[in-house]
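**Student:** Can you build the whole structure from these sequences, using the hints too?
The chain contents come next:
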Amino acid sequence: MAGLAEYELEQGQEGAVLTLSGPYLVSTIGEVDEELRDLEGPIAKVDLANVSEIDTVGAWVACQIAGEHEAEIVGASDRAKRLLGALEGLSGDYDIAAPRAPVWERVPESVGEKVFNARSGAIGVVSFLGALIFSLARLARHPRNFRMVALVRQVELVGVSALPIIGLMSFLIGIVIAQQGAVQLAAFGAETLTVNLVGRITLRELGVLMTAIMVAGRSGSAFAAEIGTMKLTEEIDAMRTIGISPMEALVVPRILAAVLMMPLLGFYASCMAIIGGAFVGEIMLGIPFFTFLSRIQEVVPTYDVWVGMIKAPVFGLIVALAGCYHGMQVKGNSEEVGLRTTMSVVSAIFAVIVLDAIFAVFFTELGWG
Amino acid sequence: MAEQRHKKSTRRHERYRGEHPIVVRNLKNQFGDAVIHEGLDLTVNRGEILGVVGGSGTGKSVLMRSIIGLQPPTEGEIEVFGKSIVDAEPDQEIGVRDRWGVLFQGGALFSTLTVGENVEVPLKQFYPEISDRLRVEIARYKIMLSGLPEEAVNKYPSELSGGMKKRAGLARALALDPELLFLDEPTAGLDPIGASAFDNLTRELKETLGLTVFLITHDLDTLHEICDRVAVLADKQVIAVDTVPKLMELDHPWIQEYFNGPRGRAALTAQALDELRRHMDEPVAAHAVKALDNAPPSRDKA
Numbered sequence: 001m002a003g004l005a006e007y008e009l010e011q012g013q014e015g016a017v018l019t020l021s022g023p024y025l026v027s028t029i030g031e032v033d034e035e036l037r038d039l040e041g042p043i044a045k046v047d048l049a050n051v052s053e054i055d056t057v058g059a060w061v062a063c064q065i066a067g068e069h070e071a072e073i074v075g076a077s078d079r080a081k082r083l084l085g086a087l088e089g090l091s092g093d094y095d096i097a098a099p100r101a102p103v104w105e106r107v108p109e110s111v112g113e114k115v116f117n118a119r120s121g122a123i124g125v126v127s128f129l130g131a132l133i134f135s136l137a138r139l140a141r142h143p144r145n146f147r148m149v150a151l152v153r154q155v156e157l158v159g160v161s162a163l164p165i166i167g168l169m170s171f172l173i174g175i176v177i178a179q180q181g182a183v184q185l186a187a188f189g190a191e192t193l194t195v196n197l198v199g200r201i202t203l204r205e206l207g208v209l210m211t212a213i214m215v216a217g218r219s220g221s222a223f224a225a226e227i228g229t230m231k232l233t234e235e236i237d238a239m240r241t242i243g244i245s246p247m248e249a250l251v252v253p254r255i256l257a258a259v260l261m262m263p264l265l266g267f268y269a270s271c272m273a274i275i276g277g278a279f280v281g282e283i284m285l286g287i288p289f290f291t292f293l294s295r296i297q298e299v300v301p302t303y304d305v306w307v308g309m310i311k312a313p314v315f316g317l318i319v320a321l322a323g324c325y326h327g328m329q330v331k332g333n334s335e336e337v338g339l340r341t342t343m344s345v346v347s348a349i350f351a352v353i354v355l356d357a358i359f360a361v362f363f364t365e366l367g368w369g
Numbered sequence: 001m002a003e004q005r006h007k008k009s010t011r012r013h014e015r016y017r018g019e020h021p022i023v024v025r026n027l028k029n030q031f032g033d034a035v036i037h038e039g040l041d042l043t044v045n046r047g048e049i050l051g052v053v054g055g056s057g058t059g060k061s062v063l064m065r066s067i068i069g070l071q072p073p074t075e076g077e078i079e080v081f082g083k084s085i086v087d088a089e090p091d092q093e094i095g096v097r098d099r100w101g102v103l104f105q106g107g108a109l110f111s112t113l114t115v116g117e118n119v120e121v122p123l124k125q126f127y128p129e130i131s132d133r134l135r136v137e138i139a140r141y142k143i144m145l146s147g148l149p150e151e152a153v154n155k156y157p158s159e160l161s162g163g164m165k166k167r168a169g170l171a172r173a174l175a176l177d178p179e180l181l182f183l184d185e186p187t188a189g190l191d192p193i194g195a196s197a198f199d200n201l202t203r204e205l206k207e208t209l210g211l212t213v214f215l216i217t218h219d220l221d222t223l224h225e226i227c228d229r230v231a232v233l234a235d236k237q238v239i240a241v242d243t244v245p246k247l248m249e250l251d252h253p254w255i256q257e258y259f260n261g262p263r264g265r266a267a268l269t270a271q272a273l274d275e276l277r278r279h280m281d282e283p284v285a286a287h288a289v290k291a292l293d294n295a296p297p298s299r300d301k302a
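Chains A and B supply the protein sequences, listed in that same order. Counting in UniProt numbering, the first sequence runs from 1 upward without gaps. Counting in UniProt numbering, the second sequence runs from 1 upward without gaps.
Because the hints were derived from the structure by calculation, they are not lab data. Possibly wrong hints are sitting among the right ones.
[As the list claims (entries may be wrong)] Derived lysine-lysine pairs resembling BS3-like cross-links, with alpha carbons at most 27 Å apart: (1) LYS114/A <-> LYS155/B; (2) LYS206/B <-> LYS81/A; (3) LYS206/B <-> LYS124/B; (4) LYS165/B <-> LYS124/B; (5) LYS124/B <-> LYS60/B; (6) LYS206/B <-> LYS331/A; (7) LYS83/B <-> LYS60/B; (8) LYS331/A <-> LYS165/B.
**Tutor:** Shown next, in the form of structure tokens:
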């Protein structure tokens, strides 16, 4: 039948002849390939005279079958002969998938690799921090090299453009804390303590912590992706050859911007959360808006503000450091950029939360409970 | 049985028997205020290698992207295998995508797949009924057909050199035994030996597989050596399509500058020498080659 690849096996005088007919193309071969390979030999000749059209795939299959049965290919058209000639000697046995170890080797290997990487990662981060401090010291001695424009640009990206989203997030968190707190405190008839709850928790903990998480997601990831892409496109190598230190030009402005902006954003976030709480107070608890705000001043000790403001730049440093460090570690392909970006956010948030716990113990011991 | 098979193979195409697999009529491309092409006409003959040249920014790549449907033109008509590309959405199936292969400038290999798996992608996409075993065999011989060593099949693109990436990209472009091959600056960034090997490969593939090749290039040697015709892009149009010797007779400043400049002449001389060396058994040719090889230093400084 025309339009389909067909075959026929006939016993002749000099042995079996396999006659192929119809088009033998990549689009038609799929249905007959398996059947052809399962044919029982011996086959003496493969006849291509009735093949209407042939491409390299068809020629390949004919070649394979002829090779397997040590048959002779006859009746090939000029085109088929050319194709068969081109395919000669091209068979191989490499697997096309990348070599892959069995599971009992892979698991210990990857665990070992992780442990080893954790060690070299820790060394890497510490030496990156060292290089950063070194660059800062150099910049302090040669202030002319400092890139003010880059810093201002990063301050805008990290700080100013984050204002709407951080404001909205904190406002909503303030509402949730006040509303949930009020419900629980009402059981003791102590709804008025909602003010203490909202004021202290946001200024001390949540304002800065949530901001750090937001900055890690917004800016830390951007640092890693930007610097990583620049590494892939050899921009960073280009900088080095011109005599610009990527540490000074890229890393220092980003880290300074994060360190400077985090306290401001953290304080702003706390304020927005308190406003959110006051909003709930006005609507649900019958505490007038401005009374709520002035009560905050009375019930929140000043050191709570200091606790938050001392933590903020440290968190900023951690987040920016993670972003820049992972960005600089990118090598190879574009997949690595995504991987490193994810790692920068995960490790930054993890480090921030661990540090926050340490800070909490530290400040309580200090008597700032 | 035949009935059942027939249902499965829905993608079967006759080989294109018309004379002009690509026809571009009155093409206009515009980005904002910048008009790249206006009133551009181009016809590609079946079975030829058509070189496309033009200065930087004349829209060679845009023309190719228009033809393969990645860049919807502002105006005009583009037909590939007699089917209009313009009316179709970029990923809509109109029965031409499995009949062409495209080699992008950087190879555009999928970085998360090995070279072999890259070649498998189009096969899996268009012919899922092909058995795994045959598909692997196809991928393997296509890679070797493209002139890569066998070990390259399970390497990732990031482990390959620039020239090898191009060959791997070519292997993927050839995966479906296309009738039409688009090459975007295939020899750019290759060393002269690699570039000339790639040229020979292109010509051999064209001859054995009966391909029609649309070739964007800056390489004068490629133009002289393998192109049947050359289309020159300038002034937002194709100003001429012809063989290189005939183009050189044309009185257009850009064409004169391009082909008769120092580099153009050097490529021409090189080709003439190659031609002569093929007939070294004839005394006249041997003499000429000797004379040309020991030619006094050229007076014009390139």
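**Student:** Which hints, by number, does the structure contradict?
**Tutor:** 5, 6
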